[in-house]
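Visitor: Chains as they are written, first to last, in the numbering used here: chain A, 1 to 277; chain Z, 1 to 390; chain F, 1 to 301.
Check the hints yourself; a few may be wrong.
Covered stretches of chain F (chain A as the covering partner; in silico rule of three or more C-beta atoms under 8 Å from a C-beta of chain A) [unchecked claim]: (1) 19-33; (2) 157-167; (3) 185-191; (4) 224-235.
No lab work stands behind these hints: they were computed from the structure.
All C-beta atoms, glycine included, are put in the ideal place defined by N, C-alpha and C.
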Amino acid sequence: MNKAFGRAWMVMVYIFLYMPIVTLVIYSFNASPLVTVWTEASLRWYVALAKDSDLIAAVWLSLKIAFFSALMSVFFGTFTAFALTRYKRFPGRTLLSSMSSTPLVMPDVIVGLSLLLMLVSLQHWLGFPERGLFTILLGHALLGTAYAAVVVTSRLQEMDGRLDEAAMDLGCRPFQVFRLVTLPLLLPALVSAFLLTFTLSFDDVVLSSFLSGPGYSTMPMVIFSRARLGLNPTINAVATVTIAVVSIAVIASSIYQSRAERQRKREVAQAYSDANQ
Amino acid sequence: MAITATADAASTSPATTSSANTSAVRKKTPQELLRVEGITKVYDGSVKAVDNISLTVATGEIFALLGGSGCGKSTLLRMLAGFEKPTNGKIFLAGKDITDIPAYKRPINMMFQSYALFPHLTVWENIAFGLRRDDMAKPDIAERVESMLGLVQLTKFAQRKPHQLSGGQQQRVALARSLAKRPKLLLLDEPLGALDKKLREKTQLELVNIIEEVGVTCVLVTHDQEEAMTMASRIAVMSEGSFMQVGSPDEVYEMPNSRQVADFIGNVNIFDGVIEEDESDHVTIRCEECLHYVGHGISGNTGMSVGVALRPEKIMLSKEQPTNGYNWCAGEVIEIVYFGAHTTYHLKLDSGKVIKAQELNNTRDLSCGLTWGDRAYAHWNDMAMVVLTH
Amino acid sequence: MTNIFNYLRNHIPGRQIVIGVPYLWFLLLAAIPLLIVLKISLSEMESTSVSSMISWTQGWPTIKLNFASYIFLSTDPLYFETYLSSIKYALVTTIICLAIGYPFAYFMARSPKHLQPMLLMLIMLPFWTSFLLRIYAWKTLMVNNGVINNVLISLGIINDPIAMMNTPFSLLVGMVYSYLPFMILPLYANLSKLDVRYLEAAADLGTSPFRTFWLVTIPLSKAGIIAGSMLVFIPAVGEYVIPELLGGPDTLMIGRVLWDEFFSNNDWPMASAVAVVMILLILLPMAIFNKYQSDQLEAKS
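Work out the full structure: start from the sequences and follow the hints.
Guide: In structure tokens:
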């Protein structure tokens, strides 16, 4: 395949992907309240954002929910990954496997509706939970568990199974094997899973809408209701802030990872030249 | 079953304990360390990986399980380590029944084929790992780790991580780690499998020296005959889950008990024939290609069908017909395979059978004098063969 | 506290805990809710608790099933059209994503090795920034006095703004935009692991690059194509946010219908019935996806 054609194609796709983002950022500095007509550069929308207590409260709520749902997702996702990779046979394995991959593709509206109906039944029966923070948390945790399970499974499968046996051979009881050998090696995947599920939760509109209660509006819910009504430059400001934070985090982690990789390659090469002397 | 020699023809090589010559018969300490009774492992209801195996290993022995893939040697090793539970049978270590004891409680350690070093720990921590599980006091741990590092000559590399070491160095760490807890029994899973030929030779000797220095009893698993013969004091040849023969390396090599064992180890020519004369001091066997005169009595009868196993290195080649009436045959040189140190000649006999004869290249001009197409005579002496019933 | 822990450790094998915990979690949050959806779809709005469904006559339980919602679904042609329309949009989205994403993943996999992590990061970066905000951004781009129209007008290319917004076009733009990374990632994962030696073997045997692509590369990337397609198609069928923000009155999507039945009409049984039928429609693709996932699990073990 023609190299020039390939490069052109890739560049066009990147432009397609980034065009909306770039526009958002540029117009967040637009003085005009007509979002799409540029007048002059201004920071007024950021000022408005700082004063927008509803939106800021929503951001805060979203961060809290995202944090805890990510923790729960990694917790349950790791269990799931272990159950599916370490035990080849048990009754109901196919069911577990299907249940854990279903949330990955099931349309949000169905997940939201079904969870809500279940929680309402639970409320009739037990008296709790009230719809609010906890219910949103549960919904996000369910979704997150499915994603975390994929990430952790992938890493578990790559790991050398003999390491567990070596640890047992040297005197580790099964839980110690997990704590001393598996967990440290799993850590990068756990961090990945945490970040992924954090983002998923922070970004979610549909589940939150179904599962929240009065007084609990997440950031996406607020933005969504405003966006339905029309264009709003404060949204641009929030968008730019989000994009900036995420971009810095992603780029920093990417640089860190490639540095670590290069360092490691150097060490391995060094070992070989040492041995050949 | 080998037809045993009635005259004193059993291994008469002197028992030496020089570290370099490990294939000699070892002085056997009578103390039994490992006893396996009737071990069987069945998978999925019908696949028998290990079939009713019993064996004993004495303290200080290096015992090799030799066989091809699928023969069950790795399964047996894993049962000794505790990673698999036997379907039937018992395992005793120093008299104690360990069959139901989990791996992490057995005083047995294993050196894995792929080393299985913990990538997130330094060399020092890898070796100390097992010691920490025993609640050893910190200064004691340090002392033991240092002495292990010295044993494998890796003291300078203590703070490195496994990916910073070469393959040979990683192997030494694996060895040090497996010896750190002074196990009663050391298991080695294809210890030299990952190394190239030159490194393998060097490492074989080092490995055995270290094992002897420490004085630990070993069971090793390998598919490489050379490895088994150079390292072990006793070999068990395995096939399809059972032992075909157990003996010292020279016993297994020079006195195989069946065609299968004879063929498995090294090269062998097997002649089919019938016993003609059966005396107490000699036997003659008539084969299609030649007449064998065996210089000792055997426990068979006239008229019995037997196989005569003759190893290529025991055959001598010449261009002139030998004068006596037995222990020679004639054929055409159809192939010459040059190995550098020796050459193997493939001789097609008049009957159509092809035999292999091996000659040392002890002069530099390959002056065996034979070339493709030549008519040659292969001859051997009367103690060079083994007579086999099956 | 340690006593409880020790008791657990000695009496309940780790295996049961490791399997039991996620099992219960998913049963409670994934399986049972779907059953409840089914149940509620078969009841009336006023009586949505389980016990109201089952009544006892002469000692034998009779289950009262109310098919009103389903009858309504099948008689009102709008629903049928909406389902059809949703599937069509999802299908078109999948095809476009494949058409754009496959070459992209292919070229990315063939790029210099040291560049690939960065290229991958650049694809993932938009994914990490809020999806909602990016859809909103398209709105600002495509509205009549939006950025695209303004730029085109100021450049003199057009005189009147093109009505892009609230059309099937804008919906598809939004859909393709959101789902493209989900198509690219599995494809890239698959193509980057493709052993170059297969292609070399084909060349050695006299196959032109073009034919090698069709006869070797594409079949070998089948798993990636299926994974990517399922990851796009299945959720796209029930998509709500994008049609709501970028679609219009003539873009019928079943996700919106479900939402409206629930939030606007407050008709839970109806919403549930809509959901049940939606699930039936995506059952086959989901089965394909599940099979793919468990194959992945087996392949590497």
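Visitor: Now look at each hint and say whether the structure bears it out.
Guide: Each hint, compared with the structure:
no.: 1; hint: 19-33; verdict: holds (count 13)
no.: 2; hint: 157-167; verdict: violated (count 0)
no.: 3; hint: 185-191; verdict: violated (count 0)
no.: 4; hint: 224-235; verdict: holds (count 4)
Hint compliance for this structure: hints 2, 3 are not met, and every other hint is.
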